[in-house]
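Those sequence lines, one after another, are chains A and B. The numbering used here numbers the first residue of the first sequence as 219 and each following residue consecutively. The numbering used here numbers the first residue of the second sequence as 219 and each following residue consecutively.
Since the hints were derived computationally from the structure, they do not count as laboratory data. Computed from a prediction, not measured in an experiment: that's the story for all the values here. Treat the hints loosely; a few may be bogus.
[Unchecked claim] No farther apart than 16 Å at their CA atoms in a straight line, the calculated lysine to aspartate or glutamate pairs in the EDC-like style are these: (1) Lys225/B <-> Glu310/A; (2) Lys235/B <-> Asp580/B; (3) Lys225/B <-> Glu581/B; (4) Lys225/A <-> Glu310/B.
Protein chains: 2
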Amino acid sequence: MLLSDLKTPAFAVDLAKLERNTARMAATAQRLGVRLRPHVKTHKTVQGALRQLRGGRSGITVSTLAEARAMHAAGFTDITYAVPIAPQKLAEAIALQRAGAEPILLTDDAGAAAALERAAFDAGVRLAVMLKVDCGYHRAGVDPASDAAVALARRLADAPNLELRGILTHAGHAYGARNADEARAIAREERDVMVGFAARLRREGIACPEVSIGSTPTCARLEELDGLAGVSEIRPGNYVFYDRFQADIGSCVLDDCAASVVTRVIGSYPERGQVAIDAGALALSKDAGATHVHAEPTYGYVVGHPELRIEALPQEHGLVRLPAGHRGLAVGTLLRVIPNHSCLAAALFSAYHVVEGERVVDEWRPVRGW
Amino acid sequence: MLLSDLKTPAFAVDLAKLERNTARMAATAQRLGVRLRPHVKTHKTVQGALRQLRGGRSGITVSTLAEARAMHAAGFTDITYAVPIAPQKLAEAIALQRAGAEPILLTDDAGAAAALERAAFDAGVRLAVMLKVDCGYHRAGVDPASDAAVALARRLADAPNLELRGILTHAGHAYGARNADEARAIAREERDVMVGFAARLRREGIACPEVSIGSTPTCARLEELDGLAGVSEIRPGNYVFYDRFQADIGSCVLDDCAASVVTRVIGSYPERGQVAIDAGALALSKDAGATHVHAEPTYGYVVGHPELRIEALPQEHGLVRLPAGHRGLAVGTLLRVIPNHSCLAAALFSAYHVVEGERVVDEWRPVRGW
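Required output: the full structure, derived from the provided sequences and hints.
So this is what it looks like as structure tokens:
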């Protein structure tokens, strides 16, 4: 089957680019002397995770317990669930622990910590936990300058049914960087905040074996810093596919983007400067992309057509603005769109079509839900 | 099972509100003397479609051929596929026709019309088609003032293997209305453009039995016009659930919204004025909502908490801004969020939990894909 035989819209994964992206990040981690604990949240497939771990099955990061269950069913263990756990999800986490998945849970909250202790005690298990730290993104995590942060770390370290593995952060504010220089400054801050906080914990007598950092934008900059001493692991995820956003802020170039939405022209209106494609909000997601970099918003990059701008996304239509004088595109024309945000676009498809050049060579089925 | 037993995030459908919304729209159509050919694209379930048709199974609208197949498998017929068809999808449409689904296809393009004629001739079938008309939204459709529009209608009417059923429009620009007055003006324009174009076709000797109009925002205003003479059917869809956008532009009130995302607090940060919830971009969608009405963007309405604003949506976190002095919410607290755009949020869930009050009484499984 060829790409041009696909029912549209479809989600295509360029295997050669994915292999290159995953090999490069593994090499980066190796050069930096840190463990790569890759995040699988972007692709949510066993096949993608195996490439991230170069064939291994130990030490990954997930964004949902559904991902954890699916990965464990495929033989993966040592699975960090990198979202602060709600007490109501503890029974599922304990079931994973009993099944041998070796989950590592996150918390940044005294109430949730109390629930963790109680649930682990009641179940007669010992749960591995990481303390989530806010390194400047302000999404989640304890303030590492606060006394409450040390007190919570001590509480987790002292709880008999918990094992404090260390500290973890996500420098999501690196997505607000406008270029590599700004991303590098955030990568340095991320490293320094975490290494500093780990040192503070150790001075307080609290063991902190693991120091976990690294989003795709900051991992793209880590080799430009003066070393990663004190960091034990990195957890990038988006780099498997990359996307237009990552290219816009300098994490990659457009040619690295391994995921695209395959679509066809379903209407051509040169008299009003538009064509319509069959990839709408349910194929590309409404992520507006790097609006802090682009003056003109667009919902993706049309491969080979830098002159085209996807200006609106109703549910099943993409509206493409043509430059002045453009004669339109024939209805039925195949286009490929690199989405603004591959994690969100991928989540709209029940299957990915894996391609080598124009040939469809495989189909991967991602995990869905929670 | 109770709402509070649901794994979060979850998609809850309030059955009483859905029943009220569907009964009201059916009554509106009856009072107006037009057929209700409801759109199923918002919920994509057999159960929802049955409510829309008051138990009937004939005359619906779909946004994908996957919806058409699923609805036909459940016994529905007379199915308008309300997106201009790409030539590559004709084989699927013809298969539906042969199976007895009675699809009605859309086109606004001479090239696509030629493909329709050829495919119908080659297959030895007669395909029902509607000419898509642009009544001012500028997403798709022929310009009703143009000679090309009449020429295309004539071509469709004259093709032996096609049956021109009439003309169809979608006044999507009603979503840009700021209030009921503006939506009413667009509803009037939609009616007048279509009735006028149908009259023009008839003067040209082209039969035009059907005149199909009606989005949820314009259908909310149709009874305020001076009649619908010349219109044969309306095709609203979002009204089954409604959402924050529709409430913001006056199509409904917030209490009509039948769909909500059930979520829990996973982090509480009163010191920086935030809480985090476990409904992120993959539960609520990144639809920014009625930004032309709201100065302060928010990704949904937190039921019972008008003081809370969902200010950012990473993949699996919702970041909620607290008003000054707010003491935060305990981790684990259950919240319900009316999404900005229920069509897009619903599409992120593989099942809906149907509730009566706090009781979960059913589970509906929507169609996915294309």
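A quick look at each hint next to the structure:
With a C-alpha separation of about 10 Å, the suggested pair Lys225/B and Glu310/A falls inside the 16 Å cut-off, and the hint holds. Using a Cα cut-off of 16 Å, the hinted pair Lys235/B and Asp580/B holds, with the two alpha carbons roughly 15 Å apart. Simply put, Lys225/B and Glu581/B have alpha-carbon atoms about 13 Å apart, close enough for the 16 Å limit, and the pair holds. Taking the CA atoms of Lys225/A and Glu310/B, the gap is about 10 Å. The hint holds against a cut of 16 Å.
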